[in-house]
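Chemist: Residues per chain, in single letters:
There are 2 protein chains.
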Amino acid sequence: MDLIQPRTLKGFRDYPPELMIPREHLLEKARQVYRSYGFAPIDTPALEYAEILLGKGGDESDKQLYRFTDHGQRDVALRFDLTVPFARFAAEHIGKLGTPFKRYHLGPVWRGENTQRGRYREFWQCDFDTIGTTANAADIEVALVIHDLMKALGLERFRIHVNNRRVLNGLLEELGLAGQTAAVLRALDKLAKAGRDAVIAEMGMAAVAPAQAERLLNLVEMAGSNSEILERLAKDFGTNATAADGIRRLTELIAVAQEAGVPPDFLKLDVSIARGLDYYTGTVFETFLTDLPAIGSVCSGGRYDNLASLYTKQVLPGVGASLGLDRLLAAMEELKMLETVSTSAPVLMVQFDPKFLGRYQQTARALRAAGIGVEVFPDPKKIGQQLQYAEKRGFRLALIAGADEFDKGVWKVKHLAKREEKTMPQSDLERELKSALLPESV
Amino acid sequence: MDLIQPRTLKGFRDYPPELMIPREHLLEKARQVYRSYGFAPIDTPALEYAEILLGKGGDESDKQLYRFTDHGQRDVALRFDLTVPFARFAAEHIGKLGTPFKRYHLGPVWRGENTQRGRYREFWQCDFDTIGTTANAADIEVALVIHDLMKALGLERFRIHVNNRRVLNGLLEELGLAGQTAAVLRALDKLAKAGRDAVIAEMGMAAVAPAQAERLLNLVEMAGSNSEILERLAKDFGTNATAADGIRRLTELIAVAQEAGVPPDFLKLDVSIARGLDYYTGTVFETFLTDLPAIGSVCSGGRYDNLASLYTKQVLPGVGASLGLDRLLAAMEELKMLETVSTSAPVLMVQFDPKFLGRYQQTARALRAAGIGVEVFPDPKKIGQQLQYAEKRGFRLALIAGADEFDKGVWKVKHLAKREEKTMPQSDLERELKSALLPESV
Chain G
6 MDLIQPRTLK
16 GFRDYPPELM
26 IPREHLLEKA
36 RQVYRSYGFA
46 PIDTPALEYA
56 EILLGKGGDE
66 SDKQLYRFTD
76 HGQRDVALRF
86 DLTVPFARFA
96 AEHIGKLGTP
106 FKRYHLGPVW
116 RGENTQRGRY
126 REFWQCDFDT
136 IGTTANAADI
146 EVALVIHDLM
156 KALGLERFRI
166 HVNNRRVLNG
176 LLEELGLAGQ
186 TAAVLRALDK
196 LAKAGRDAVI
206 AEMGMAAVAP
216 AQAERLLNLV
226 EMAGSNSEIL
236 ERLAKDFGTN
246 ATAADGIRRL
256 TELIAVAQEA
266 GVPPDFLKLD
276 VSIARGLDYY
286 TGTVFETFLT
296 DLPAIGSVCS
306 GGRYDNLASL
316 YTKQVLPGVG
326 ASLGLDRLLA
336 AMEELKMLET
346 VSTSAPVLMV
356 QFDPKFLGRY
366 QQTARALRAA
376 GIGVEVFPDP
386 KKIGQQLQYA
396 EKRGFRLALI
406 AGADEFDKGV
416 WKVKHLAKRE
426 EKTMPQSDLE
436 RELKSALLPE
446 SV
Chain B
6 MDLIQPRTLK
16 GFRDYPPELM
26 IPREHLLEKA
36 RQVYRSYGFA
46 PIDTPALEYA
56 EILLGKGGDE
66 SDKQLYRFTD
76 HGQRDVALRF
86 DLTVPFARFA
96 AEHIGKLGTP
106 FKRYHLGPVW
116 RGENTQRGRY
126 REFWQCDFDT
136 IGTTANAADI
146 EVALVIHDLM
156 KALGLERFRI
166 HVNNRRVLNG
176 LLEELGLAGQ
186 TAAVLRALDK
196 LAKAGRDAVI
206 AEMGMAAVAP
216 AQAERLLNLV
226 EMAGSNSEIL
236 ERLAKDFGTN
246 ATAADGIRRL
256 TELIAVAQEA
266 GVPPDFLKLD
276 VSIARGLDYY
286 TGTVFETFLT
296 DLPAIGSVCS
306 GGRYDNLASL
316 YTKQVLPGVG
326 ASLGLDRLLA
336 AMEELKMLET
346 VSTSAPVLMV
356 QFDPKFLGRY
366 QQTARALRAA
376 GIGVEVFPDP
386 KKIGQQLQYA
396 EKRGFRLALI
406 AGADEFDKGV
416 WKVKHLAKRE
426 EKTMPQSDLE
436 RELKSALLPE
446 SV
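Order-wise, the sequence lines are chains G and B.
Sequential numbering of the first sequence, starting at 6, is according to the numbering used here.
Sequential numbering of the second sequence, starting at 6, is according to the numbering used here.
The shape of chain G in the complex, shown without the other chains:
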């Protein structure tokens, strides 16, 4: 029989253990932090009626849909994000769920994108949102969640850039550019990547005079501490009702976050942050790594006026953000923050003599019950071969015992990186392994 060539589709990839272990670690930390704030998990189907998804992300997004006719002649498609399914979900269930409703949703989405930019056609999103309230407390909490999540992932050098679309809208009103808001903000969103000149040129296409564009850019790029910027905005634009509301919410956000224990350095008022999506109407967030700003925002989001207007008449305002899992993983890899191991258990128990398999598994199970992962090698191969396997996979310790050791009630513990071996009584094993596996002792 001819063999079928084992291959994945273009733009898709397998996750072997060395990629999947850090991925699962990130997902677990995200769940942990989201839950600690009372966000509850939901899930929705990968497949939806095409009409639910079409026209929600623009023409480009429609073209990228994995869309087909199912067995029942239904027009269906794979979800391209988690926001549209959440809007459909909220419209369907909010009556029963009640508000405020806080949910997180981690899951894969599919886009038939051009893969040239190193993007994949299947990737995970990690969203959290509070809907059914306009309270600024919910906006503030998004900043706290992002901060605590980044810290939980071991990141110390990052900054959450925060702004409010109402401040930008007020500025544009005062500059006489209210009619060109969408085009101006789309251009502004490219500032970090494309630079001032490109932004001024793009604004020019929307009939914004260069001098006006300059003035706007000087405003949004104003230097100073958060409170200096807030003071200047209040002084210059405080009489504009829209801007004043945005300034008030930002002022409260920064004060409350600091009182709640977020050091001021982690939160940066950045009037240039617009977020391209027309969708956002209030607070907006982007998160940058100090050591890798060019990678872009690793956690972004904002406030919107109405989540599910296409599916229900019930007005559902909300605020949330999304962790850029793949981008953050790429960044952590570049920052050498990821362990490259391909084992889930740190300890390999060598199968020295197959007649002791029951005793090996007995000790291994006792250690597992104490929270220490232990793999028992399945074949009684030469010790050298088993240790080679352990080193290749990234096990940290190996346990060895045969008839002699069982007679004496001891185990040999081999520290693989240090190439050291200790012999210790069975009764000390748990304590010794726990201490040898502490991160600081690596």
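Hints listed in this document are in silico derivations from the structure and should not be mistaken for laboratory results.
Please read all numbers here as calculations on a predicted model, not as lab measurements.
The hints are all genuine.
Put simply, identical chains are the same to the list, so a pair is met inside one copy or across any two.
Keeping only pairs whose Cα atoms sit at most 27 Å apart, straight-line, the calculated DSSO-like set for lysine-lysine is:
hint	residue 1	residue 2
1	Lys68	Lys15
2	Lys419	Lys101
3	Lys101	Lys387
4	Lys386	Lys318
Got chain G sorted already, so can you dock chain B onto it with the hints?
Modeler: Same frame as chain G, now just chain B:
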């Protein structure tokens, strides 16, 4: 504008928090136990080339495939299980990964099945396998993993039924039925559901005389302890080389599992377990709940000779099993083992006075850092409304403080189910909450 009707596809469903919380809990326990044995996570794409999936699960499975042509005119389909993608994955990567290779894989699969039997077209599988070894140690470990997983899920009353296809093959050889093995085992697999008469009738269709079928059924249903059955099998069929090998492996499995600490009651030698799939060649497992046997096996698997023969010439023997997540959740619901809460955090902090939002979040963050989930209510609504929200969601405790309490440095802690309220100093809060949240004090 007309509203789009918010609805899910037939056979698909949303998971609101009260369904998703226990689901995530089960998945986490499965990961935890799999990892503790050294199984490492992998993932593969939801979409594969159709040729990878076609013909792997029989005609029925081909018909149920969600198959379509993608943007690049590729013939693609959604995976219908995790075994076929694992075979493709192994063929592609095993050279680099090396053997033995232990992996777990949790993820959704899709089948356009008839939904009348309460089945869904999207469901999760939770597989774990060791490949690249024929060692019985790997088979034995499957039994240990199943046992430890069920216990970790809080199940105490279950039994892992174990058999070996080689014992059955040997029996059939000795009964002169070697030529009809596949048909006989397919019939036998229906014994628990369809009963003896139906099985004898089906075997009749494969030219098995009723007397012979009776004799076979009497053998596979023989009563007795594990060791009694093993002794009788050895006595009657020990001269058949195939049966003898199966008996030897089963004998070792039962002895080692017991030595490793699995109480003998949890493991039942059951010669009637065939598992319908042609795929299995050695040890086979099924797991039944003592209080709900009719729900069927909640964790099944077995040994196979060659995982990936369609994709590679490298022979990859292995053994593994799959947790029936949805079936087990249904069973646990019926056994009233699932909490019905829709919050991820057990504590609601009432927003009594909005000017203290910073202090609320400060204390909430300190409690979160200590491992206690705390949601801060976003709006300063009436206390009664906030407590009603807390009760509806299943919060267990509410924290209340206003100017008076902050002056005195105290918090009011309300136990929602007991309707009791205590006032305590801020410094006691963490300890008191932890003690109030202990499972036994509910």
